[in-house]
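Visitor: Generate the whole structure from the sequences, applying the supplied hints.
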Amino acid sequence: MKKRKLKYLLAGGIVVAALAGMIYSGVQESMVYFYTPSELVQKKDAVQGKSLRVGGMVVERSIRWDPQTLLLTFQLTDGQGTVFVRHKGTAPDLFKEGAGAVVEGTWTPEGFFRSSNIMAKHSEEYKPPAHPETLESKKELFKSILKEGKP
Amino acid sequence: MISTLGGFVLFLALGVTLYAAAAAVLGARAGREDWLASSRNAVLAHFCLVTLAIFLLEYALITSDFSLRYVANTSTRGSLTRYKIAGLWGSLEGSILLWEWLQALFAALVVARYSDRGPSGCRQLMPYVQAVLQGISAFFLLLMTFGANPFAPLFPVPPDGRGLNPLLEVTDMLIHPLLLYLGYVGFSVPFAFAMAALVTGHVSEEWLTITRRWTVVAWLFLTGGIFYGGWWSYRTLGWGGYWAWDPVENASFMPWLTGTAFIHSVMIQERKRMLRVWNLVLITLTFSLVIFGTFLTRSGILGSVHAFADGPVGVMFLAFLALVLFFSFGLVAYRSDALKGHGELDSIVSRESAFLLNNLVLVGICFTVFLGTIFPLLAEAIRGTKISVGTPYFNRVSVPLGLALLLLMGIGPLIAWGRASLNNLQRNFLKPSLAALAGGAILVALGVRQAEVLAAFVFCLFVIGTIVFEFLVGTRTRAKTTGEGLLTAFATLLLKSRRRYGGLIVHLGVVVAIVGIAVSSVYKVEREQTLQPGESMQVGPYSVRFDGMAAGERPTHILVWANLMAFKDGQPLHTLTPGQRYYPNQQSPFASVDARYHWNEDLYVILSAFERDGSSATFKVMINPMISWIWIGGGVILLGVIVAVLPERRLALLALRAKAQVA
Numbered sequence: 001m002k003k004r005k006l007k008y009l010l011a012g013g014i015v016v017a018a019l020a021g022m023i024y025s026g027v028q029e030s031m032v033y034f035y036t037p038s039e040l041v042q043k044k045d046a047v048q049g050k051s052l053r054v055g056g057m058v059v060e061r062s063i064r065w066d067p068q069t070l071l072l073t074f075q076l077t078d079g080q081g082t083v084f085v086r087h088k089g090t091a092p093d094l095f096k097e098g099a100g101a102v103v104e105g106t107w108t109p110e111g112f113f114r115s116s117n118i119m120a121k122h123s124e125e126y127k128p129p130a131h132p133e134t135l136e137s138k139k140e141l142f143k144s145i146l147k148e149g150k151p
Numbered sequence: 152m153i154s155t156l157g158g159f160v161l162f163l164a165l166g167v168t169l170y171a172a173a174a175a176v177l178g179a180r181a182g183r184e185d186w187l188a189s190s191r192n193a194v195l196a197h198f199c200l201v202t203l204a205i206f207l208l209e210y211a212l213i214t215s216d217f218s219l220r221y222v223a224n225t226s227t228r229g230s231l232t233r234y235k236i237a238g239l240w241g242s243l244e245g246s247i248l249l250w251e252w253l254q255a256l257f258a259a260l261v262v263a264r265y266s267d268r269g270p271s272g273c274r275q276l277m278p279y280v281q282a283v284l285q286g287i288s289a290f291f292l293l294l295m296t297f298g299a300n301p302f303a304p305l306f307p308v309p310p311d312g313r314g315l316n317p318l319l320e321v322t323d324m325l326i327h328p329l330l331l332y333l334g335y336v337g338f339s340v341p342f343a344f345a346m347a348a349l350v351t352g353h354v355s356e357e358w359l360t361i362t363r364r365w366t367v368v369a370w371l372f373l374t375g376g377i378f379y380g381g382w383w384s385y386r387t388l389g390w391g392g393y394w395a396w397d398p399v400e401n402a403s404f405m406p407w408l409t410g411t412a413f414i415h416s417v418m419i420q421e422r423k424r425m426l427r428v429w430n431l432v433l434i435t436l437t438f439s440l441v442i443f444g445t446f447l448t449r450s451g452i453l454g455s456v457h458a459f460a461d462g463p464v465g466v467m468f469l470a471f472l473a474l475v476l477f478f479s480f481g482l483v484a485y486r487s488d489a490l491k492g493h494g495e496l497d498s499i500v501s502r503e504s505a506f507l508l509n510n511l512v513l514v515g516i517c518f519t520v521f522l523g524t525i526f527p528l529l530a531e532a533i534r535g536t537k538i539s540v541g542t543p544y545f546n547r548v549s550v551p552l553g554l555a556l557l558l559l560m561g562i563g564p565l566i567a568w569g570r571a572s573l574n575n576l577q578r579n580f581l582k583p584s585l586a587a588l589a590g591g592a593i594l595v596a597l598g599v600r601q602a603e604v605l606a607a608f609v610f611c612l613f614v615i616g617t618i619v620f621e622f623l624v625g626t627r628t629r630a631k632t633t634g635e636g637l638l639t640a641f642a643t644l645l646l647k648s649r650r651r652y653g654g655l656i657v658h659l660g661v662v663v664a665i666v667g668i669a670v671s672s673v674y675k676v677e678r679e680q681t682l683q684p685g686e687s688m689q690v691g692p693y694s695v696r697f698d699g700m701a702a703g704e705r706p707t708h709i710l711v712w713a714n715l716m717a718f719k720d721g722q723p724l725h726t727l728t729p730g731q732r733y734y735p736n737q738q739s740p741f742a743s744v745d746a747r748y749h750w751n752e753d754l755y756v757i758l759s760a761f762e763r764d765g766s767s768a769t770f771k772v773m774i775n776p777m778i779s780w781i782w783i784g785g786g787v788i789l790l791g792v793i794v795a796v797l798p799e800r801r802l803a804l805l806a807l808r809a810k811a812q813v814a
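These protein sequence lines map, in sequence, to chains A and B.
My numbering applies: residue 1 is where the first sequence begins, and numbers increase by one.
My numbering applies: residue 152 is where the second sequence begins, and numbers increase by one.
Treat the hints as calculated values from the structure; they're not laboratory data.
Heads up, the beta-carbon is just placed ideally off N, CA and C, and yes, glycines get one too.
Some hints here could point you the wrong way.
Output of the computed footprint for chain A on chain B, the stretches with three or more beta carbons under 8 Å from beta carbons of chain A [what the hints assert, rightly or not]:
(1) 514–522
(2) 544–557
(3) 733–742
Guide: So, in structure tokens, the structure goes:
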């Protein structure tokens with residue numbers, strides 16, 4: 001009886017050990033460090049090539065986008081440090097100047113952050129808008145393509 | 152006015168629920184039948200009070216009463232009525248009220264169902280079941296009274312509310328949260344019975360038999376909620392995927408995993424009287440993970456450890472979680488003598504071991520997801536650095552574990568109990584294995600090279616093989632012994648052991664979904680390009696022509712869209728109109744994706760940017776092969792569960808009636 005119990009414990013042990021090993025290597029290979037722009041500026045030599053996330057505010061008037069090459073560049077800041085970011089593609093819906101954003105990617109030897117993913121942030125809390133908008137003011141934006149009918 | 156009234160109703164409900172719990176426990180201790188009856192009435196009164204609270208909040212939502220902060224947060228005057236109603240679960244406070252209402256409803260149903268009838272042994276358990284369920288309700292009522300009051304006033308009263316997040320203003324969103332909450336609340340019933348079994352010392356198999364159907368139905372709702380969430384994400388969020396290992400998703404996935412393990416291990420206890428402690432641990436874990444997941448996603452702790460201290464909600468959830476864990480594990484320890492099982496494992500090659508291994512893998516996946524979700528918290532607490540693990544981590548660990556689970560799904564239902572003989576193995580598994588390997592060889596010949604896809608396909612074929620052979624052999628044997636036609640034999644077989652065959656159909660659904668997941672994630676094609684009117688872009692066999700931009704006014708927003716024509720192999724296929732919605736007082740536009748959904752391949756288009764004069768626009772075009780199979784698999788799972796839980800007597804009655812009509 002004892003011997004059989006040992007056998008099961010051993011089998012269970014192997015399964016648990018395999019699981020632990022998989023989790024350990026999974027964590028090791030997909031760890032992503034989170035930095036603020038100023039931390040990244042300080043540590044940039046140490047973290048080259050590693051997967052990073054950098055979170056900060058998008059600097060006003062820093063966004064440049066070329067629709068033909070789909071190259072998006074902008075600066076992220078936390079007030080103390082500023083990082084230059086390049087991203088291939090389009091920005092997500094909530095991404096805009098003066099708003100918070102987190103980018104995922106790597107620091108390159110050329111001195112900019114190559115982003116593979118942009119995550120924009122927005123607040124959930126209700127604040128009454130300073131200048132309430134109406135549908136009309138939104139309509140004004142698209143008057144050149146406005147028409148009746150359904151898509 | 153409504154604020155005071157609502158607050159008062161909730162407070163009253165709290166008093167009634169505490170009374171119901173106390174009267175149940177004291178009545179059971181003192182053997183006073185009248186106290187127990189009074190407790191049952193209080194459970195029903197509690198349900199009525201919470202229903203009244205729901206009506207009050209819905210009234211405020213429908214009449215746009217912005218003197219309530221919650222209403223201002225989740226609706227606007229211009230919203231469609233159905234979205235005003237759905238505002239009830241559009242934000243934290245209302246969600247908790249809805250959750251508590253479902254909790255009260257389930258408690259009332261349990262009382263109505265089991266108070267005077269029900270299986271033997273139910274009578275001793277019921278007072279404690281009531282007490283546990285009322286205790287859970289008391290927690291939610293406390294939460295609303297002291298932390299997340301849906302009736303909190305707002306002053307000055309704003310002229311209009313902010314409205315629901317436009318992403319939630321889709322019909323899917325009316326259903327998805329409801330399904331999830333029904334699943335969450337459903338699992339509290341087996342949990343309450345488990346605790347009652349521990350308190351009374353009736354820890355044998357009674358509580359399992361009573362709650363079997365509740366568990367399966369709760370599992371169905373949770374599964375449905377998760378599938379529906381993926382479907383909503385895919386069709387509405389506009390990033391082309393359905394699952395991102397987001398903490399919110401993981402919060403619903405973790406209890407699903409332990410709940411699935413529970414459904415399987417229960418069968419071993421029923422058959423072999425083994426694993427009593429394990430089952431109690433699993434149902435406790437499932438319930439705790441529901442609470443933990445809500446804590447994780449609603450306390451804001453993942454955004455920053457410091458957000459946790461901002462409101463009382465997080466602290467209250469954590470305290471409740473600690474209480475649940477302390478209470479249930481304390482009881483398990485207290486009853487450890489009575490919990491000693493009788494059965495023993497006879498052999499590693501047996502159904503028991505297959506189920507045990509399945510449990511180990513499911514709990515393993517759950518632990519993996521748990522660790523990945525709270526990793527940022529651990530890293531910050533231990534090393535002071537902010538580190539997270541993203542999608543690669545979850546995929547790396549869960550894909551091999553999922554494959555192991557898939558293999559076990561084929562073995563478990565067919566392998567013999569006790570000790571499987573070589574003969575049993577050969578009879579059940581030889582043909583499916585050969586079929587699976589042959590299928591694998593064909594796929595290699597067709598050019599499939601990715602090891603994971605190949606393994607997934609071979610295992611899926613194996614599982615399908617075992618299920619098909621099981622159905623075939625069963626039908627043929629029955630037809631031979633009873634002389635029925637094959638179709639009749641199949642139907643009676645399905646009805647005679649519905650739990651078994653329903654389960655196999657569920658497995659079939661899981662296989663179909665896994666094929667969809669594997670193929671769509673490995674073989675998806677994505678391309679992004681800027682076009683001028685008249686230009687086309689080529690993606691795989693498709694060509695997409697941009698015919699210009701347009702905009703139009705909708706009741707709540709301005710819709711801007713692009714007119715596209717999709718061609719396949721030069722033939723016009725489908726018009727597509729991806730767009731963006733602009734809402735007044737919202738910071739940014741919201742995507743409105745369009746796709747040609749097809750059973751074997753979706754052509755999915757996102758309008759990612761455009762010039763306001765319509766001179767050019769940027770599109771992200773994706774080909775998502777076989778993604779529909781995921782949703783089809785979900786449908787098959789639903790079918791299987793329905794077969795498994797249909798009440799026996801009613802079916803027998805129907806069959807009798809049908810026979811009578813024929814005669």
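Visitor: Given that the stretch 733–742 of chain B was listed as covered by chain A, double-check it with a C-beta distance under 8 Å for 3 or more residues.
Guide: Holds, because 9 residues of the stretch 733–742 of chain B bring their Cβ atoms closer than 8 Å to Cβ atoms of chain A.
Visitor: So is the stretch 514–522 of chain B in contact with chain A by the C-beta rule, three or more residues under 8 Å, or is the coverage claim wrong?
Guide: As far as the stretch 514–522 of chain B goes, the hint holds, because 4 residues have Cβ atoms under 8 Å from chain A.
Visitor: At a Cβ distance under 8 Å, does chain A reach at least three residues of the stretch 544–557 of chain B?
Guide: As far as the stretch 544–557 of chain B goes, the hint holds, because 5 residues have Cβ atoms under 8 Å from chain A.
No hint from the list above goes unmet by this structure.
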